[in-house]
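Order-wise, the sequence lines are chains A and B.
Okay, so the first sequence: first residue is 1 according to the working numbering, each after it adds one.
Okay, so the second sequence: first residue is 1001 according to the working numbering, each after it adds one.
Among the clues, some could well be false.
[Stated by the list, open to error] Facing chain A, a subset of chain B residues (Cβ under 8 angstroms, in silico):
(1) A1057
(2) L1074
(3) T1075
I should point out that these hints are in silico values taken from the structure, not numbers from a laboratory.
Everything numeric in this text was worked out from a predicted model, so none of it was measured.
Each residue gets a CB set at the ideal place from its N, CA and C atoms; glycine is no exception.
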Amino acid sequence: MAINPSMVGEVFAAEPYEVSREKIREFAAALRDDNPAYHDPDAAQALGHPDVIAPPSFLMIISLEAERKLVYDPAFGIGDPRRLVHREQRFAHRRPAHAGDRLTVAIRVTDVEYLGDNEVLHFEDRITDADGELVSTATSTFVSFPEERA
Amino acid sequence: MTATATITGRRPHAGVEVGPILADRSFTLHRRDLVRYAGSSCDYNPIHYDDTLAREAGLATPIVQGMFTMGLALTLVTDWAGDPAAIVDFGGRFPRQVPMPNTGEAAEIVASASVVEVLDAPLVRLSVSVRLGEARVLTMPRVLVELA
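One chain only, chain A, in its complex shape (with noise of 0.2 angstroms):
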């Protein structure tokens, strides 16, 4: 089973994602970590934003739930898309995501390499709010592993 190519250069586009207080407190409990910038409006308005802010790589919810949906998809040719393992994942944040944001991500699969028996899937996924404003870029490197792995 083999990745099909003509997938290369195609976007595809996500159904919108409201980022809430509650999923970025959770995500940062599982990250251990109290900052208050995620815990805290009132501290996050002090530092100058809206509302509590996500932590820098949260918007791998977005970014990975997109990526799954398009991997899944018979047409796209994975025979087993479990294994896919992480190999590089790159942000550049133009802002912050904040409670309340209603954000929408367009993936664009930017290129297959086909490394031994091993497919390399790269996805350029970029991140807009509801005003249509970039707010994140993200890069991500996904490495298909052969059936004989200890």
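Using the hints provided, position chain B relative to the given structure of chain A.
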């Protein structure tokens, strides 16, 4: 979790020097922590918590989510910078997986962060990494922080 830390605001760019920012931070991870991160990040890939399905997917044991190690490591930088919004650009790679067998034994990972370049104000570039024993499991050579 309650917010007990205080807010300091962004650290001033003036006076920042090349070198480690804070003491290395170690994190003890159990399988249950991976489950919690899976839920909070909506990453339900079973290779992070299910022995049988991880084996079926070709892994000896479940592995720690790379983004979990990245998120934990970035707490060093957000604490240092004073405002998490100061982290404007970061990227890293996961050169090695962190196995999480279901033996009850914890995985101990250690994060470190250093200023590697003081750029024109208000920017500085940091390098962040996470080790498991001697092995690097996350390298982030370019973390851009916008200070005051």
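Hint by hint, here is what the structure shows:
no.	hint	in the structure
1	A1057	holds, 4 angstroms
2	L1074	holds, 5 angstroms
3	T1075	holds, 5 angstroms
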